[in-house]
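Turn these sequences into a full structure, and let the hints steer you where they fit.
Counted from 1, the sequence shown has number 280 at position 248 by the working numbering; the numbering is strictly sequential.
Do not rely on the hints blindly, as some may be mistaken.
Claimed, not checked - Cβ pair distances, simulated, as ranges:
1) Asp110 <-> Lys259: 37 to 45 Å
2) Asp233 <-> Asn309: 32 to 40 Å
3) Asn91 <-> Asp173: 50 to 58 Å
4) Asp128 <-> Thr221: 20 to 28 Å
5) Gln174 <-> Val225: 22 to 30 Å
6) Gly322 <-> Tyr126: 30 to 38 Å
7) Asp260 <-> Asp110: 34 to 42 Å
8) Ser277 <-> Ala324: 14 to 22 Å
Unchecked claim - DMTMM-like mimics (lysine to aspartate or glutamate), calculated; alpha carbons at most 20 Å apart, straight line:
9) Lys214 <-> Asp199
10) Lys273 <-> Glu152
11) Lys169 <-> Asp258
12) Lys259 <-> Glu138
13) Lys169 <-> Glu228
14) Lys169 <-> Glu188
15) Lys206 <-> Glu188
Quick caveat, the hints were computed from the structure, so don't treat them as lab data.
The model shown is predicted, which means the values in this text are computed figures rather than measured ones.
Where a beta carbon is used, it is the ideal one built from N, C-alpha and C, also for glycine.
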Amino acid sequence: MLALAAAVGLLATACGNPLEGGAEGGPAGEIIIGASDVGESLLLAQIYAGALRNAGADNVTVRPPVGGREVVVKALEDRSLSLVPEYSGNLLQYFDENSQATTPEEVHAELRRKLPEQFEVLEAAPAENSDEMVVRKELADQGIRTVSDLAPRCGELVFGGPGQWADRWQAKIKDIYGCGFKEIRTTDTGGPVTVEALRSDEVQVADLFSTSSTIRSNGFVTLEDDKDMFPAQNIVPLVAKGTLSEREVRALNAVSEVLTTEKLTDLNVEFTEQKRNPLDIAEDFLIENGLA
33 MLALAAAVGL LATACGNPLE GGAEGGPAGE IIIGASDVGE SLLLAQIYAG ALRNAGADNV
93 TVRPPVGGRE VVVKALEDRS LSLVPEYSGN LLQYFDENSQ ATTPEEVHAE LRRKLPEQFE
153 VLEAAPAENS DEMVVRKELA DQGIRTVSDL APRCGELVFG GPGQWADRWQ AKIKDIYGCG
213 FKEIRTTDTG GPVTVEALRS DEVQVADLFS TSSTIRSNGF VTLEDDKDMF PAQNIVPLVA
273 KGTLSEREVR ALNAVSEVLT TEKLTDLNVE FTEQKRNPLD IAEDFLIENG LA
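What follows is the structure in structure tokens.
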């Protein structure tokens with residue numbers, strides 16, 4: 033969070049408020065990239081900006097993180113933002129809370145159908161930042177590698193995750209997997225409280241995110257969601273329709289083509305653990321992947 037605050041301060045000095053200005057979204061031809069209040073979103077915004085500049089766009093601005101999805105969507109609607117990095121499953125749920133799509137292909141296709149006409153999504157990356165059921169290695173070594181493996185043991189185990197987890201997933205995991213936990217505790221949303229609870233055996237199963245560097249650094253084991261309970265959460269650019277040229281669209285699609293979950297996890301490690309500047313991380317990523 034300190035690294036994110038420093039990066040936000042650096043950007044805010046030059047960029048101001050993304051929600052100020054008229055519906056034209058800034059000077060003619062300007063591409064204004066937004067980000068949510070999550071460090072990973074800021075990293076992706078800087079990668080998109082670098083790719084667009086390398087494709088010839090000479091008026092690209094990355095705004096400081098502006099908040100949650102409601103704020104970002106409003107800013108795209110009035111064109112004070114041109115595009116933002118998004119997560120396909122959550123974005124689909126935002127526009128259609130009753131969607132049952134789960135696989136990457138289903139989610140992306142349905143998202144394109146459900147989006148209001150003033151928006152468009154470009155090609156989705158293989159990279160996902162999705163909910164994952166995570167356990168310590170000791171439990172995984174008892175033959176538990178999938179959520180189906182876990183199900184017969186759920187009644188013995190305490191689960192830890194965000195406050196809304198029970199409302200969203202308790203009934204669904206019981207219906208799909210037959211898993212009813214001994215207890216569901218509120219820890220935090222994929223953060224240090226959840227990690228410490230799992231590490232200390234206060235909880236035996238936790239909800240973390242697929243690009244979290246803490247899974248690797250703590251030796252936790254991710255269980256395969258073998259019945260697709262969690263919808264896909266592929267990284268995808270959400271764009272205010274008509275703000276990008278064909279060449280600029282191709283540049284962002286090229287980023288998505290090379291962005292994998294493993295690479296995104298490595299980028300998060302550089303940002304959260306190595307405390308590197310997001311602009312430098314983005315520049316190195318583009319060079320290393322032949323996009324600069």
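Hints, verified against the model:
The beta-carbon spacing between Asp110 and Lys259, approximately 41 Å, falls within the hinted interval of 37 to 45 Å. With their beta carbons about 37 Å apart, Asp233 and Asn309 fall inside the hinted range of 32 to 40 Å. In this structure the hint that Asn91 and Asp173 lie 50 to 58 Å apart at CB holds, the actual value being about 55 Å. Taking 20 to 28 Å as the suggested C-beta distance range, the pair Asp128 and Thr221 conforms, at roughly 23 Å.
Checked against the given bound of 22 to 30 Å, the beta carbons of Gln174 and Val225, roughly 25 Å apart, stay inside it. At about 33 Å, the beta-carbon gap between Gly322 and Tyr126 stays in the expected band of 30 to 38 Å. For the hinted restraint 34 to 42 Å between Asp260 and Asp110, the CB-CB distance of approximately 36 Å keeps it satisfied. The beta-carbon spacing between Ser277 and Ala324, approximately 19 Å, falls within the hinted interval of 14 to 22 Å.
Taken as a hint, the Lys214 and Asp199 pair is honoured in the structure, with Cα atoms around 16 Å apart against an allowance of 20 Å. Between Lys273 and Glu152, the direct Cα distance comes to roughly 6 Å. Compliance with the 20 Å bound is thereby established for this hinted pair. Distance hint between Lys169 and Asp258 is fulfilled; the C-alpha atoms sit about 19 Å from each other, no more than 20 Å. With a C-alpha separation of about 15 Å, the suggested pair Lys259 and Glu138 falls inside the 20 Å cut-off, and the hint holds.
This hinted pair checks out: Lys169 and Glu228 have alpha carbons roughly 15 Å apart, not beyond 20 Å. For the hint pairing Lys169 with Glu188, the CA-to-CA distance comes to about 17 Å; that is within 20 Å, so the pair holds. This hinted pair checks out: Lys206 and Glu188 have alpha carbons roughly 15 Å apart, not beyond 20 Å.
In terms of the numbered hints stated before, the structure departs from none.
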